[in-house]
Each structure stands twice: as structure tokens, then as C-alpha cells.
Amino acid sequence: MRTHRRYRRTVAALTGSAVLALLASACTGTNSAGGTDDSASGKDVTITFWHGWSQDNETRAIQAEADAFQKLHPNIHVKVVGNIADDKSEQALRAGGSDAPDVVSSFATDNVGKFCSAKVWTDLTPQLKKDGIDPARTFPAAMLRYSRFEGSQCSLPLLGDAYGLYYNKTAFAAAGITAPPRTFSEFDADAVKLTAADGDGYKQLGFMPTYHGYESTPSHFLGQYGAGYFGADGKSDIATDPRVTAMYTWQKNLIGKLGGFDRLEKYRSGFGDEFSAKNPFQTGQVAMSIDGEWRTASLAEAKPSFDWATAPFPVPDDQADTYGRGYQTGTIIGIARTSRKQSAAWEFVKYLTTDTDAVVTFANAIHNVPSTVEALNSPKLDADPNFRTFVDIAKNPNSSTTPASINGGAYQLSMQNLGYAYESGKQADLAAGLAATAKEIDAAVNQAK
Amino acid sequence: MAVATTAVPAALRRKRRRERARTLAFLSPWLIGFGFFFAYPLVSTVYFSFMRYDGFAAPTFTGLKNWDYVFNHYPFFWQGLRNTLWLVVVMVALRVTFGLGIGLLITKLKTGVGFFRTAFYLPYLAPPVAATMAFAFLLNPGTGPVDHLLGELGLPQPGWFTDPSWSKPALTMLAMWGVGDLMVIFMAALLDVPREQYEAAELDGAGPWQKFRYVTFPNISPIVMFAVVTGVIQTMQYYTQAIVAGKVASGVIGGSGQQFEPGYPHGSTWTLPQMVYNLGFQRFDTGSACVVALVLFAISMAFTSLLLRRRSGFLPESQDGE
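Residue numbers (the working numbering), protein chains in the order written: chain A, 130 to 578; chain B, 284 to 605.
I should point out that these hints are in silico values taken from the structure, not numbers from a laboratory.
Hints are not guaranteed to be accurate.
What the hints assert, rightly or not - Result set (DSSO-like, lysine-lysine): computed pairs, CA atoms no more than 30 Å apart in a straight line: (1) A:K555 <-> B:K530; (2) A:K381 <-> B:K494; (3) A:K509 <-> A:K259; (4) A:K217 <-> B:K530; (5) A:K298 <-> A:K555; (6) A:K432 <-> A:K200; (7) A:K555 <-> A:K509; (8) B:K530 <-> A:K386; (9) A:K432 <-> B:K530; (10) A:K217 <-> B:K393.
Claimed, not checked - Here are some of the chain A residues that sit facing chain B, going by a computed Cβ distance under 7 Å: (11) V249; (12) T324; (13) A326; (14) P532; (15) N536; (16) A539.
All C-beta atoms, glycine included, are put in the ideal place defined by N, C-alpha and C.
Could you build all of it, start to finish, from the sequences and the hints given here?
Here it is as C-alpha cells:
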């Protein structure tokens with residue numbers, strides 16, 4: 130019996146060690162607040178800047194920005210560290226300490242709510258006021274919206290992304306289409322015209338509407354409707370907002386017009402990677418796609434065998450006057466609360482985000498949309514008409530974004546899941562699905578508070 | 284006399300104390316590791332499961348709120364639990380059966396043992412991420428060679444990682460492909476079974492099945508139990524293959540306005556460890572992540588206790604009921 134007990138104890142220890150890695154996630158502490166430095170009085174200060182860019186042209190461009198800043202501020206030295214994933218910088222900010230970054234940029238605008246509410250990033254409102262910078266006049270409205278949360282301006286936009294329509298001009302001409310669609314009814318008709326069946330598959334598909342079709346997500350489509358996601362009381366309003374119902378309905382109907390969910394999904398599963406030369410728009414597998422401004426650079430480099438152009442993505446027929454709008458997101462930058470070099474860090478952040486020449490130079494270098502009103506109107510900005518489409522979308526006052534939430538993008542995930550269930554027919558009753566999803570979102574937000 | 288009787292126990296006590304100190308000294312590396320890497324995290328996990336903690340601000344007590352959220356409001360918990368249990372039951376059973384079967388076949392071979400042993404073992408050495416991506420490519424319903432071949436043969440072409448009813452079987456196939464670890468262990472056990480027992484069974488007229496049932500299996504049952512227990516523990520931690528397969532098949536890179544959805548397709552590959560990541564690092568809800576980690580711990584303990592109680596631990600069948 131003793132032998133048996135010993136074996137069982139051994140196994141208990143073995144089993145326990147199995148979850149060790151998971152349990153270790155609990156071993157975290159809290160960081161402490163940072164402090165100011167003497168950079169204003171000319172003392173040498175070195176700040177550390179973490180960013181997520183990894184491509185050669187991107188890292189060169191951001192280093193050039195830091196070099197240009199140091200010429201203006203000889204006593205502030207910037208140590209630039211690239212290719213930092215959001216997870217890693219979050220861990221560093223949790224831990225704090227002398228090795229943690231002073232300035233951090235992130236591609237995940239969805240996390241602004243958490244960074245602001247938990248005070249991980251410094252609220253920049255006092256610095257903006259001190260330097261006479263009015264955020265509402267400096268930054269486009271949508272970009273300002275995704276960089277703040279509940280009154281805290283804990284981040285600033287550092288270049289943006291705008292979403293529009295890419296279309297195959299050669300295929301348009303072959304189908305007798307003379308201009309890009311402006312409304313969803315025109316878009317649906319064009320998508321059908323551009324679709325050529327090939328047995329159970331397609332020779333060419335007009336548009337891939339399923340929510341896994343890369344950038345064809347509920348949030349991106351809802352940007353064309355101007356949905357707000359949350360009501361004034363902070364609760365999800367997706368069950369009562371007719372624009373949300375309209376979007377899910379439109380997308381599902383389009384799936385039906387293009388051959389049905391199963392057929393489209395089988396075709397989609399043969400697509401190459403989104404960020405590769407095998408992107409389905411670049412290969413001609415789809416004739417239209419919703420995508421960000423960065424694709425202009427990829428297409429210019431790939432030189433596909435067809436002519437292509439860009440336009441704003443269409444809008445619902447009953448909102449035809451808002452044509453020109455689009456979904457916007459981007460990169461955000463902030464100062465770690467734990468940084469002991471707040472003054473120097475602010476000078477650097479201010480330069481990167483508000484200096485028109487710096488913003489324009491950086492935008493041109495990495496083919497992103499500039500993130501200040503002045504930079505968007507700068508004559509030095511890339512003049513390529515296909516890129517200019519996205520600049521205009523960013524300037525459009527009707528363009529919108531997904532708002533910051535205390536639990537990151539969890540509400541978008543809930544809406545995506547509803548979308549997957551509805552488009553596949555698993556969820557037949559849209560109203561009931563929206564009501565349940567709104568409840569799920571509210572419970573998750575409540576849990577995070 | 285009285286002096287002698289008190290002096291001896293005192294000397295004994297000193298000796299025992301020295302022995303205890305020596306034992307503790309030898310055990311100390313393990314004890315320190317156990318304390319830092321198991322006991323402390325375990326206590327912390329229990330503590331944080333009752334706290335609101337986002338990893339940034341100081342934790343605050345919330346009572347049973349996290350437990351209520353995970354069990355009653357977190358939309359993926361029950362589905363993820365079902366998926367995890369499905370994998371534990373089906374994947375572990377098939378891996379053990381397949382590993383044992385391959386081991387049996389190879390030990391029976393007269394020639395080419397080295398070749399087959401290497402051929403079946405090599406996939407186990409493939410990094411999980413690379414192996415999963417290769418499987419996602421091979422099983423791609425649109426461009427993969429497997430479905431192409433099935434189509435040529437006039438057979439149904441499943442959606443594999445894109446079809447919720449086929450995603451877990453596809454992951455199980457991947458796990459069976461990498462069964463080399465179990466095969467090697469079973470081969471060692473099978474070669475260790477005394478030959479004379481087979482000869483005696485043959486003299487008694489035993490056929491292949493009877494020889495396996497009454498000779499082979501009783502001898503290797505501790506190894507089978509070891510394979511099952513470690514398989515259950517590994518499968519309870521199933522994370523990498525599920526998340527990579529879902530990510531590759533869904534095509535979602537993830538970013539603002541485009542959330543990566545663990546569990547693709549339709550939540551069919553959600554597992555409990557993915558929830559720990561989702562809650563703790565995507566939703567900044569360390570408290571709820573700890574609840575899921577504790578559920579995982581409890582289920583692992585329950586499974587292994589049940590298995591060992593039924594099979595009397597790692598002892599051969601002949602010593603059962605000792």
C-alpha cells in the first residue's frame with residue numbers, strides 16, 4: 130500500500146508540474162511611477178524607444194527619424210530597439226525597472242483602453258497643454274478617437290492606416306464596368322459581374338466577402354456604416370443599432386449572390402498568405418478587395434500582370450452621401466509611466482507625432498497615412514494617386530474606427546464570432562445573435578472593470 | 284545507569300538531526316525548485332483567482348467574481364473544456380494504441396528494423412510549429428495534395444482544419460504522425476518481455492491474441508500506464524498545434540479591427556491553455572486566467588488519480604491488489 134501511495138504522490142507531483150508554466154503567469158508584480166529628468170536644462174539623457182517595425186526600410190526610416198530628432202536635441206540620445214512584439218513590451222511595462230523602455234509604440238490600437246485605464250502609459254494631456262498643442266486640431270478625429278480612452282490621452286497617433294477598395298482595372302474593362310462602385314448595390318452587381326465560375330470553384334471571384342477573407346472583417350465593413358459599438362452608457366449597442374444589423378445582412382446576402390458560403394470558403398482556403406506575393410488580389414484570384422494603403426507599395430513592387438487602381442470602399446445605399454469614408458487604425462506611441470525620463474521622452478514623442486516634416490518623411494518612407502491634419506495636407510506627401518485615395522479617406526470627417534475598450538479588442542472578437550456563425554448558417558436568427566453578443570460584450574467589459 | 288539511558292537517546296537524537304540535515308541538504312536543490320516554481324505559483328494562482336488583477340495595477344479582492352465570469356459568462360469556457368476532454372480521450376487513446384501497434388510490428392520485423400524505427404521516430408523530432416504548418420499545407424482543402432488525391436479517387440474531400448467537424452480529427456492525425464516517442468518506449472518494453480513466457484504460452488496452445496493479452500500486456504502494462512498518464516498531462520496542455528493550425532487555416536494575421544480568433548474554425552480547436560493566454564494576455568484578466576489554470580490543474584489531478592487508482596499505479600498487472 131505504501132508503494133502505491135508513493136506512486137500516487139509521484140504522479141501528483143508530475144501532474145502538478147504539468148501546469149507549472151501556466152501557473153507561472155501569476156508571478157508578476159506591479160511597477161512604480163516614473164519621474165522627470167534634466168534634459169530641459171541641457172543635461173545628457175538617453176531614452177530607450179521600442180517599436181514593432183521589422184522590415185529593413187521601416188527600421189531604417191524610424192532610425193532616420195531618431196537621428197533627425199537628435200540633431201535638434203543634441204543632449205537627448207535615443208536608443209532605438211525594433212521588432213518588439215506587443216506582448217513583449219507589455220511584459221516589460223508590467224515589470225518596470227531600468228531596462229524597461231521609456232517610449233513605446235504599438236500597432237494594437239485596441240489596447241489603448243487598457244494602457245490608459247491602468248495608467249501604464251502616461252496621460253499626455255498636461256504636456257500637450259503645456260506646449261499649446263490642441264489634439265482636436267492636430268490629429269484627424271478617428272485617429273484621435275483610437276488613441277484616447279475615457280478622457281485620458283495616454284497615446285498619440287504615429288502614422289495611420291486607412292482602408293479602401295482595390296480593383297482590377299483590366300477585369301473591370303473586360304466586364305464592361307467603367308468606374309469603381311460607390312454604393313453597396315453597385316458593388317454587389319459588380320462583384321457578380323466580375324465572378325467567373327469554374328466547376329465548384331472560380332476562375333475569378335469578384336470579391337471575397339467572408340469574414341476570414343483577410344481584411345473583410347466586421348469592423349472594417351462597419352467602418353462604411355459609421356457604427357459606434359457602444360452607447361453613451363458605455364454598454365454595447367450593437368443589438369439596437371440598425372447599421373450593425375444592416376452590415377451583417379448585406380454581407381450574408383452578398384455571400385449568397387457569389388455562390389454560397391461553402392463554395393467561397395473552399396476557394397478562400399486556397400489563397401496564399403495575405404502579406405506575400407500570393408495575396409489573392411495580387412494573383413488575380415479576386416478582382417476587388419478591401420485593404421489598407423500599404424498594399425499600394427506591395428503592388429507597385431510586385432507589378433502584377435493587370436492594371437489596378439484604388440478608390441474609397443463603397444457605402445450603404447442609404448448613406449450614399451458619405452462616400453469617401455473608410456475604416457481607420459494605425460500605430461500609437463506613448464510614454465511608459467515607469468520612465469524616469471519623462472521630459473526627454475515627451476520631446477521625442479512630440480517630435481515624432483506633431484512635427485509635420487517628420488510625419489511626412491516617415492509616412493512616405495513606409496507608405497503609411499500621415500497622422501496629423503497638417504501632414505495630410507502637405508505638398509511633400511507621396512503624390513501617387515493610388516496612395517492619395519487613402520490620404521483622402523483619412524481626411525474624410527465621416528471615416529471611423531473601432532473605439533478603445535477597457536478589455537482591448539474583445540468586443541470585436543465577439544462580433545467576429547457572431548459573424549462566422551451567421552455567415553455559415555450556424556446562427557440563423559441575427560437579432561437573437563446580436564442580443565446575445567451584446568450581452569457577452571457587456572459581461573466582458575464588466576469583468577474588466 | 285540512569286546517565287547511560289539518557290545519554291544514548293541524546294546521541295541518537297543528534298545523529299538523527301544530522302541525518303535529517305544531510306537529507307535536507309541533498310534534497311535542497313529540488314526543494315528550492317519546488318518552492319519557487321511550483322508551490323509559490325500554485326499559491327499565487329489560487330490567490331489571484333480571487334483578485335481583479337490586470338498585470339499593471341495592484342490587485343484588488345473581488346471574491347468569486349472571476350469564477351462566476353469564467354463559468355457563467357466567458358463564452359468559450361465550456362466549448363474549450365469539451366474540446367480539451369475530447370482530445371484527452373480520443374487523442375491519447377489513439378496515440379497509445381498506434382504507438383503500441385507500431386512498436387509491436389517493428390519488433391516482429393526480421394529485416395529493416397533500423398530503417399522503420401528511424402522513419403517512425405523522425406517526425407517526433409519535427410518542431411511542433413513547423414509540423415503543424417506542414418499539415419495545414421498538406422490538408423488544405425483548396426490546394427493541398429491530400430484532398431486532391433482523395434478527389435482523384437472519388438472520395439470525399441474534408442475541409443480538415445477549416446471544418447469544425449474535422450479539425451480535431453486532423454489534429455489527432457498530426458499527433459499520431461509524431462508518435463515516435465511512444466513507439467521507442469513501447470519497443471524497449473516489448474523487447475524486455477521474457478521469451479520463456481511466450482514459449483510457455485505457445486506450449487499451452489495460445490494464439491497471437493492470447494499471447495498479447497496474457498503475456499505481453501501484463502508485462503508492459505506499467506509502460507502503457509506511464510504513456511497514458513503522461514499523454515493525459517501533455518494533452519491537457521495542448522496549445523501550440525491548435526493555435527498554429529487555427530491561425531494558418533483562418534488566414535487571420537491579427538491586428539486592430541482584425542482580431543485573431545483562437546479556436547478556428549467555430550471554436551472547435553479552443554483548448555483550456557489557449558484560454559489562459561486569451562484571458563491573461565489578450566484580455567488582461569489575470570484573475571480569470573488563474574481560474575482556468577486551476578480548473579486545468581484539478582482535471583489533470585482527477586484524471587491521473589482515477590487512472591492510477593484503477594490500474595494500481597505503475598505496477599505490472601501481476602502485482603495488482605498488493
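Going down the list of hints, with the structure as the test:
no.: 1; hint: A:K555 <-> B:K530; in the structure: holds (21 Å)
no.: 2; hint: A:K381 <-> B:K494; in the structure: violated (60 Å)
no.: 3; hint: A:K509 <-> A:K259; in the structure: holds (29 Å)
no.: 4; hint: A:K217 <-> B:K530; in the structure: holds (20 Å)
no.: 5; hint: A:K298 <-> A:K555; in the structure: violated (36 Å)
no.: 6; hint: A:K432 <-> A:K200; in the structure: violated (38 Å)
no.: 7; hint: A:K555 <-> A:K509; in the structure: violated (51 Å)
no.: 8; hint: B:K530 <-> A:K386; in the structure: holds (28 Å)
no.: 9; hint: A:K432 <-> B:K530; in the structure: holds (28 Å)
no.: 10; hint: A:K217 <-> B:K393; in the structure: violated (54 Å)
no.: 11; hint: V249; in the structure: holds (5 Å)
no.: 12; hint: T324; in the structure: violated (16 Å)
no.: 13; hint: A326; in the structure: violated (15 Å)
no.: 14; hint: P532; in the structure: violated (11 Å)
no.: 15; hint: N536; in the structure: holds (5 Å)
no.: 16; hint: A539; in the structure: holds (5 Å)
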